[in-house]
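Trainee: Sequences listed follow chains A and B, in order. Mapping of the first sequence onto our numbering: position 281 corresponds to residue 286, and the numbering continues sequentially without gaps. Mapping of the second sequence onto our numbering: position 439 corresponds to residue 553, and the numbering continues sequentially without gaps.
If you are wondering where the hints come from, they were derived from the structure by calculation, not from laboratory data. Because the structure is a prediction, the values reported are computed rather than measured. Glycine included, every Cβ here is placed at the ideal spot set by N, Cα and C. Misleading hints may appear alongside valid ones.
[Claimed, not checked] Going by beta-carbon spacing under 8 angstroms, a handful of chain B positions derived as facing chain A:
id, residue
1, 120
2, 124
3, 379
4, 380
5, 383
6, 385
7, 389
8, 424
9, 428
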Amino acid sequence: MGDAIDIRGVRKTFGSKVAVAGLDLVIPEGSLYAFIGPNGAGKTTTIRMIMSIIFPDAGELTVLGRRSAVESKDRIGYLPEERGLYRKMRVGGFLNFMGRLKGIDAGALDRAVREWLGRVGLGDVYGKKCEELSKGMQQKVQFISAVIHKPDLIILDEPFSGLDPVNRRLLRQLIEEEHAAGRTVIFSTHAMFEAEQLCDRVFMIHKGEKVLDDPLSTVWERYDPRTIVVEPAGHLSGVDLAPLQRLAGVERVDRGGTGIEVTVREGADQSEVLGEVARAVRAVKVELKRPSLEDIFIQLVGEDAEPADREAAGQGSGVGAGAERSVSVG
Amino acid sequence: MGKTLIIAWREFIATIATKGFVLGIVLPPVLIAGVMVLMPRLMSKAAPKIEGEIVVIDRSGRVGERMKQSFTPEAIAASMAAAAVRQGAVPDGGAGLPPVDAASGVTMRLLDPGSDVDAERSKVLVATGGGKGGGADSRLAVVVIPADVVEAGAGAAGGGGTPAVVEVLHAPKLDFRWIEHINRAVGRAVVDTRLSEGGLDAAKIRGLMAPPMMQALAVTKEGDVRTNEATKLLLPGAFMLLLWISVFTAGQYLLTSTIEEKSSRVMEVILSAASPMQVLSGKIVGQAAVGMLILGSYAAAGLAGLVSYSMLGLIDPTNLVYLVVYFLIAFASIACLFAAVGSAVSDMREAQSLIGPLMIVVMIPMMLWFPILHNPNSVFAQVCSFVPPISPFIMVLRLAGSEPVPVWQIPASMIFGVVTVVVLAWAAAKIFRIGILMYGKPPDFRTLIKWVRMA
């Protein structure tokens, strides 16, 4: 397996603003890569440079082995951040048009369009005008236009924004299917919990600079879980925190909204501390909580993260979508 | 090339397959053509077939009998045919006129010289239909010839004195051609009477005095064609107007669609599948086809009209070829400018501020149509023939005019036009590439120039 994308020292500025600063990034073929970072971090600019929609001021970039995505556009599927359809065009006509632009044979194209529409639950909108569709439907139509030609590389810029939970799940499933079919998938999001759920590799960017670029498994290894969450058997307010604070290996104990968070001291064995905590309080659940990408982002950018960044990074986290990766210990 | 054509086809279909285009652009020339083809066939070339009588009260008692010669069916038909030829309603020879018996429903009756005019006049008033054919006894007109009609105004030296007034009291709706016929009949009878009473042979003199019929014919490859001044002036103007309408209508569509694609963000989707140059060229080719359709529709309407009036020979087929060539040059130039502006702005209001100065320049051919046409080889006209982007419009105007354009200026202006298009396309591609994904404050001219230099 080679590399789908190879970026070396790429820099892009808009006037005095540095959008991307000396970026190095290698994306192996077949990976499912998440570009994460707050709004304005440089994700979309990077993606647009990959797509040769805009061009870097400096540095080199190869896409699917070519010097420019223009040379391999038919092998790339792209869902831009800004959603756009021809409002007056019919859905079937639009997808056929995009398919033809992507080089699909006209004979097989219409059948593929109808199949895809059925697959995403839009079988009855073929003859409707794009402007008649809801925003979520339009987004699904755009997703189809990005993948209908079975590209080797799929780039999705904020694919989940504006979707309801049901469609978000559907889209996740479709992305996983494309990845399972051996395609390289890159998606950007500022909602980091989406990345946690889906990707196998993560690239984090902040103010145009790369702050993280690793397989997710490596990230979890590197950022050991150091928070133990305790759900007490009785009322939270009735729990005495002093025994927990006295435990060796415990750095801090905080009372949260529904439980107690115990921060493990650096260097201490989390498993040992977990056992001691379980013995120290009567609890229905004690678990080791993995740091979220949001936590990692905050940790990486530290004081540099502006309130807006923090808000954006954490958008949607913990909303029942499985933002936390927990290790249940009983 | 494939993607360019796919984009061009979508652009073409998206533009023409709208009610607005069909109703506003295609239907008018079709209607115009229909009217121009049908009108000559619907229009009556002779006086309408009517029935009734014209009565004559000849106080002189010397003219009335002679008038009867003008009211035989053959005389009426010949008079009407001559009038139709004079008016240009039918070709020489009266082809297409109704047969002679079509005019045979009108009779002339000579009344007693002392008849009461008021009594006869009242019969005209009560005549059914006011002269529209209420029956053979309908009174169409009363002609009152004064007693001194032969002598008055006919001095021995060939004129002088006040001519007598012959009253023709006619039904209000009597066709003007019949009134003219009565006038001619009275005049001819009076003159003939004077000649006869002077001992001269009226028929012989009339024969001697009859001038030849004049006919101006333009010599064309298709044969000699009757012309008139109005046609000479209008035809070149029509050519230029045709070019102007097709170029700017399609150009406007290009501008609007570019702005719409940019503001609706669909452009980025398209750019993920095609390069900016493919998108730009596809849009220009698509709208060029739209312009050609408009040009073809209006040109076909015009040609149908000329065929209908047997004036097709006025069109030199070479001019039609020039029209297409200059259309392509003019449209490509304007399209590059409009596409560049469309890609740089976010709405029409912003576009107007950039296009306004350009529109003033391209209005020059419209404003100076007559001066250029009257003197198509003036220094001004020749200079304008090499000023982009108005050069194609001026050349079409000059080429369709009556004065020959120096031959070298035709290829020279075309080469100059193509070079202009290449330069504009180069600049437009650079602006398009940057502008199409640029949002926010609209650029000014300085910014556009900067984009051209930096891209």
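Trainee: All the hints need checking, so say for each whether the structure fits it.
Mentor: Hint check results:
1. Proximity of residue 120 of chain B to chain A holds as hinted, the smallest CB-CB distance being about 5 angstroms (cut-off 8 angstroms).
2. For residue 124 of chain B, the suggested interface contact is upheld, since its CB lies about 6 angstroms from the closest CB of chain A, less than 8 angstroms.
3. Hint status for residue 379 of chain B: holds, given a least beta-carbon distance of 3 angstroms to chain A, under 8 angstroms.
4. Against a cut-off of 8 angstroms between C-beta atoms, the interface hint on residue 380 of chain B holds, since the closest Cβ of chain A lies about 3 angstroms away.
5. Among the interface hints, the one on residue 383 of chain B holds; its C-beta lies about 5 angstroms from the nearest C-beta in chain A, closer than the 8 angstroms criterion.
6. Interface hint at residue 385 of chain B: satisfied, since its Cβ lies 5 angstroms from the closest Cβ of chain A, which is below the 8 angstroms cut-off.
7. The restraint placing residue 389 of chain B at the interface with chain A holds, with a minimum CB-CB distance near 5 angstroms, inside the 8 angstroms limit.
8. Hint on residue 424 of chain B is violated. Least Cβ distance to chain A is approximately 45 angstroms, over the 8 angstroms limit.
9. For residue 428 of chain B, the suggested interface contact is broken, since its CB lies about 42 angstroms from the closest CB of chain A, more than 8 angstroms.
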